[in-house]
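Engineer: So you can see what is in the structure, the chains are spelled out below.
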Amino acid sequence: MIWNEEYETLPREALEALQLKRLQHLVERVYATVPFYKKKFDEAGVKPEDIKSLSDLRKLPFTTKQDLRDNYPFGLFAVPKEQVVRIHASSGTTGKPTVVGYTKRDIKTWAELMARTFQAAGVGKGDVLQNAYGYGLFTGGLGAHYGAELIGASVIPISGGNSKKQIMIMQDFGTTAISCTPSYALNLYEVAQEMGVDLKKLPVKVGVFGAEPWTNEMRKEIEEKWGIDAIDIYGLSEVIGPGVAFECLEAKNGMHINEDHFIVEIIDPETGEPLPYGEKGEIVFTTITKEAIPLIRYRTRDITRLIKEPCKCGRTFVRMEKVMGRSDDMLIIRGVNVFPSQIESILMETKGILPHYLIVVDRENNLDTMEVLVEVSEEFFSDEIKKLQALEKSIEKNIKEIIGITAKVRLVEPKTIERSQGKAKRVIDKRSL
Amino acid sequence: MKITQISIFIENQSGRLWEVCNILGENGINIRALSLADTSDFGILRLIVNDPEKAYNILKENEFTVGKTDVIAVEVPDKPGGLAQILKILRDNNINVEYMYAFVERSGEEAIMIFRFDETEKAIEALNNNGIKTLKGEEIYKL
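These protein sequence lines are chains A and B, in that order. First residue of the first sequence: 1, per the UniProt record's numbering; consecutive thereafter. First residue of the second sequence: 1, per the UniProt record's numbering; consecutive thereafter.
A couple of the hints might just be wrong.
Stated by the list, open to error - Straight-line distance between alpha carbons at most 20 Å, and here's what the computed PhoX-like set of lysine-lysine pairs gives: (1) K68(B) <-> K386(A); (2) K65(A) <-> K96(A); (3) K351(A) <-> K225(A); (4) K415(A) <-> K88(B).
As the list claims (entries may be wrong) - Distance windows between CB atoms, simulated: (5) Q13(B) <-> E364(A): 18 to 28 Å; (6) R86(A) <-> I23(B): 15 to 25 Å; (7) K79(B) <-> I402(A): 53 to 63 Å; (8) D41(B) <-> I2(A): 46 to 56 Å; (9) Q13(B) <-> I107(A): 53 to 63 Å; (10) E364(A) <-> N96(B): 35 to 45 Å; (11) E11(B) <-> N365(A): 21 to 31 Å; (12) E378(A) <-> N50(B): 55 to 65 Å; (13) D198(A) <-> N96(B): 49 to 59 Å; (14) I402(A) <-> E119(B): 34 to 44 Å; (15) I402(A) <-> I23(B): 25 to 35 Å; (16) I23(B) <-> R419(A): 44 to 54 Å; (17) N50(B) <-> K415(A): 41 to 51 Å.
Unchecked claim - Chain A is faced by these chain B residues, among others (derived, beta-carbon under 7 Å): (18) G15; (19) E19; (20) F42; (21) N62; (22) T65; (23) T69; (24) D70; (25) D92; (26) A102.
Hint data in this document are derived by calculation from the structure and do not stem from the laboratory. Where is the CB? At the ideal position from N, CA and C, for every residue including glycine.
Given these sequences and hints, build the entire structure.
Structural biologist: Right, here's the structure in full:
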């Protein structure tokens, strides 16, 4: 199901013409209204009138998360404060939060993009959507909320947490679709089990999951445990929130990027050079319709790949693969690029569940070493030494086969790997270079 | 007769073994027999205790990785060739011993060995058919 047939299936040529027109307009506007951009463009020696084709985009400088922090809270806003009707912010785990604003039109655009997202997941009028993304400064909850209301679904704004109540409401209100983070979906499954509720017997048919990186193995696990389709979505508050890109139910293979609102590039995270389609690199967005806080070539740090082949759903937008990790998480071990998410997939495949783990990188005799600590849960435990050793060996073998480097796997006791309140810390790099 | 063995995953760190035994002791659990199998990184402590259910729950509450396994306890004649006689029965029936360990102490004419087999039922049957007594859980826990 396509929400906005006209734009979502726009022929490539028309789409690119639209992008260029919007980009030129944007560049003129930020140059005139945001001193930060004027200064950056001047330093790079580029004027708005230099943008004559889409490929001129690369003449423009990048914008980074640090730029948002340096201009905290409202320095990058391109409209007067009285036109800003909503303010959101990221969690700010590593410093001041990054603040973003929305005009009335931005909110409308955002709702439209999330309406596309839900419709692509098969959620429509008549559906009961339990929205378990957090409401508040975080963009997930309200972003999903407005989009689902726009398509006419019945929205339950339950927000995150309170898991027993989530299950009760799911049973009593006839929830047909759920939106939350994928790890919370697995959490809810455990709570349902404790309550003796079989999620497969409930009318829930689809889950719209995002806000954190997850693997295809995790998708399979959720789909089996819940008896639903699990759809991946992508977004980040700096760009707009959820609704930047979404999977379709027909293909479940890569997320369609809303290219009429965002121009996408893949760059080499080291050199900043644009990479051709299909190559793995950092995804960069230029928001061509946002009014309150438009961003030019915003570096997401997310590593992925673009898929240009047309999708069977009929949408013409280019797709992005699941995010494989972040450029700041990428490890180079003996010259090989390694992402924690790859280790995660291997661990999940081993037993069907994801244990807590920690990757420790060190250097011995000028050679990088990698050790993977894996917490032994009851699913992993055996009273026989040889079975535990076989488990270590099989993980080591898979790492060697899939990533191509030799790692040592060490089983450790539960809860010995430090837990964090926010994003899990997966890597300790002891190398001093 | 099957009896319940508790097994605990322990990292090779000083003090961990003490912690397990201390928690059990403080909760009035008496250890009847034990064996510790280890590698360079970790070990598995296997225990026969007077109240396996309680021990299991207490260890779980204290966030140890703990498992329950069926093992069998066999009375072995306390004389030269006593154990060999038992092992012969197992060999003749193609039964493989995963691991075994001796009971800590018992005064009398029989020693007690704990066996873990991959095919527990088949092992019990073979031993019983050859006149070897396997002990019930209650007998062992109360010893």
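Engineer: Now tell me, hint by hint, if it's right for this structure.
Structural biologist: Hint check results:
1. K68(B) <-> K386(A): With a Cα-Cα distance of about 17 Å, the restraint between K68(B) and K386(A) holds, given a limit of 20 Å.
2. K65(A) <-> K96(A): This hinted pair holds, its Cα atoms lying about 11 Å apart.
3. K351(A) <-> K225(A): With a Cα-Cα distance of about 15 Å, the restraint between K351(A) and K225(A) holds, given a limit of 20 Å.
4. K415(A) <-> K88(B): Measuring from Cα to Cα gives roughly 44 Å; hence the hint is violated.
5. Q13(B) <-> E364(A): 18 to 28 Å: 22 Å, holds
6. R86(A) <-> I23(B): 15 to 25 Å: 53 Å, violated
7. K79(B) <-> I402(A): 53 to 63 Å: 56 Å, holds
8. D41(B) <-> I2(A): 46 to 56 Å: Check passed, 54 Å falls within 46 to 56 Å.
9. Q13(B) <-> I107(A): 53 to 63 Å: 55 Å, holds
10. E364(A) <-> N96(B): 35 to 45 Å: Given a distance of about 39 Å, which is inside 35 to 45 Å, the answer is holds.
11. E11(B) <-> N365(A): 21 to 31 Å: 26 Å, holds
12. E378(A) <-> N50(B): 55 to 65 Å: About 23 Å separates the Cβ atoms of E378(A) and N50(B), which means 55 to 65 Å is violated.
13. D198(A) <-> N96(B): 49 to 59 Å: 39 Å, violated
14. I402(A) <-> E119(B): 34 to 44 Å: 35 Å, holds
15. I402(A) <-> I23(B): 25 to 35 Å: 40 Å, violated
16. I23(B) <-> R419(A): 44 to 54 Å: Violated, since I23(B) and R419(A) (Cβ atoms, about 22 Å apart) do not stay within the stated range.
17. N50(B) <-> K415(A): 41 to 51 Å: 28 Å, violated
18. G15: Status violated, d = 12 Å.
19. E19: 11 Å, violated
20. F42: Since the shortest Cβ distance to chain A is 6 Å, the answer is holds.
21. N62: Cβ of N62(B) sits 10 Å from chain A, so the hint is violated.
22. T65: 5 Å, holds
23. T69: 5 Å, holds
24. D70: It is violated, given that the least Cβ distance between D70(B) and chain A is near 10 Å, above 7 Å.
25. D92: 24 Å, violated
26. A102: At 17 Å from the nearest chain A Cβ, A102(B) fails the 7 Å test, so the hint is violated.
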